[in-house]
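There are 2 protein chains.
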Amino acid sequence: MELTPTFDAPYTAVIFSSLRTEGDRGYDAVSARMETLAAQQPGYLGVESARDEATGFGITVSYWRDHASAAAWKQVTEHERAQANGKRLWYSDYVVRIATVDRDYRNDRPNA
Amino acid sequence: MELTPTFDAPYTAVIFSSLRTEGDRGYDAVSARMETLAAQQPGYLGVESARDEATGFGITVSYWRDHASAAAWKQVTEHERAQANGKRLWYSDYVVRIATVDRDYRNDRPNA
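As given, the protein sequences belong to chains P and S, one line each in that order.
Using full-length UniProt numbering, the letters of the first sequence correspond one by one to residues 1 to 112.
Using full-length UniProt numbering, the letters of the second sequence correspond one by one to residues 1 to 112.
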């Protein structure tokens, strides 16, 4: 996983915080496929993901040009199927937050 | 780490994405202290954090009532010292994004 760079604000961040269930249950393959598919959508800027192996707690943040492109990705059919499996198999709990990034900086250098 | 619950929008999310250097270098103790100290600040709502042990890539998101309370926490003296050590010792690279959460939901139940 690489850092997603800064962009001209405003743009959209979808913060997905989750607790995984035990075992893979097909998660890794679908997760990789969703990253590939997301990157092909209009308005996609990047995605970052990290998970604590010990606790199963993870955060994925996807970045989009605007809320409309993030909403369109949520409704892509193959992604909808993955979300259904997420609820049924992979996550014991999750929170989704749709946010507008107002400013950003890298290593204390403001993104002017 | 527990999921931070939903809140009445709008509120503020500070998304901190980072790559750790090798070794602890005092990080774990300061990190725990910063979580305790942050929780005592006005406007604090919660914090979530996850890191991939294998790659050193991590995401911490802190949640605040508004941008002003997030900015005030950035300037707390002890936190400023920790940020300086972060740049010098703990992180090889990082990006900070200040965002406004427009809406959220938990397990597909919208936070009305």
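No wet-lab data here; the hints were simulated from the structure.
Virtual Cβ for every residue (Gly too), placed ideally from N, Cα, C.
Heads up, some of the hints might be wrong.
What the hints assert, rightly or not - Cβ pair distances, simulated, as ranges:
id: 1; chain 1: S; residue 1: Asn107; chain 2: P; residue 2: Thr36; range: 23 to 29 angstroms
id: 2; chain 1: P; residue 1: Glu78; chain 2: S; residue 2: Thr55; range: 23 to 29 angstroms
id: 3; chain 1: S; residue 1: Glu80; chain 2: P; residue 2: Arg65; range: 17 to 23 angstroms
id: 4; chain 1: P; residue 1: Val76; chain 2: S; residue 2: Val76; range: 23 to 29 angstroms
id: 5; chain 1: P; residue 1: Ser69; chain 2: S; residue 2: Ser69; range: 27 to 33 angstroms
id: 6; chain 1: S; residue 1: Arg106; chain 2: P; residue 2: Glu80; range: 34 to 40 angstroms
id: 7; chain 1: P; residue 1: Lys87; chain 2: S; residue 2: Glu80; range: 38 to 44 angstroms
id: 8; chain 1: P; residue 1: Ala9; chain 2: S; residue 2: Asp8; range: 38 to 44 angstroms
id: 9; chain 1: S; residue 1: Arg33; chain 2: P; residue 2: Arg103; range: 39 to 45 angstroms
id: 10; chain 1: P; residue 1: Lys87; chain 2: S; residue 2: Ala72; range: 27 to 33 angstroms
id: 11; chain 1: P; residue 1: Asp8; chain 2: S; residue 2: Ser92; range: 20 to 26 angstroms
Unchecked claim - Some chain P residues judged to face chain S by a derived CB distance under 8 angstroms, without partners named:
id: 12; residue: Met1
id: 13; residue: Val14
id: 14; residue: Val30
id: 15; residue: Arg33
id: 16; residue: Leu45
id: 17; residue: Val61
id: 18; residue: Asp104
id: 19; residue: Asn107
id: 20; residue: Asp108
Against the structure, the hints come out as follows:
1. S/Asn107 <-> P/Thr36: 23 to 29 angstroms: 26 angstroms Cβ-Cβ, so the 23 to 29 angstroms window holds.
2. P/Glu78 <-> S/Thr55: 23 to 29 angstroms: holds, 27 angstroms
3. S/Glu80 <-> P/Arg65: 17 to 23 angstroms: violated, 34 angstroms
4. P/Val76 <-> S/Val76: 23 to 29 angstroms: violated, 43 angstroms
5. P/Ser69 <-> S/Ser69: 27 to 33 angstroms: Holds: the Cβ-Cβ distance is about 30 angstroms, inside 27 to 33 angstroms.
6. S/Arg106 <-> P/Glu80: 34 to 40 angstroms: Since the Cβ atoms of S/Arg106 and P/Glu80 sit about 19 angstroms apart, the hinted range of 34 to 40 angstroms is violated.
7. P/Lys87 <-> S/Glu80: 38 to 44 angstroms: For P/Lys87 and S/Glu80 the Cβ distance comes to about 42 angstroms; the hint holds.
8. P/Ala9 <-> S/Asp8: 38 to 44 angstroms: violated, 23 angstroms
9. S/Arg33 <-> P/Arg103: 39 to 45 angstroms: violated, 27 angstroms
10. P/Lys87 <-> S/Ala72: 27 to 33 angstroms: violated, 38 angstroms
11. P/Asp8 <-> S/Ser92: 20 to 26 angstroms: With Cβ atoms ~25 angstroms apart, the hint holds.
12. Met1: holds, 4 angstroms
13. Val14: Not OK, violated: P/Val14 not within 8 angstroms of chain S, min 10 angstroms.
14. Val30: violated, 18 angstroms
15. Arg33: violated, 19 angstroms
16. Leu45: violated, 11 angstroms
17. Val61: holds, 6 angstroms
18. Asp104: holds, 4 angstroms
19. Asn107: Nearest chain S Cβ about 6 angstroms off; hint holds.
20. Asp108: Holds, because the Cβ-Cβ distance from P/Asp108 to chain S comes to roughly 7 angstroms (cut-off 8 angstroms).
The structure fails hints 3, 4, 6, 8, 9, 10, 13, 14, 15, 16 (numbered hints given earlier, in ascending order).
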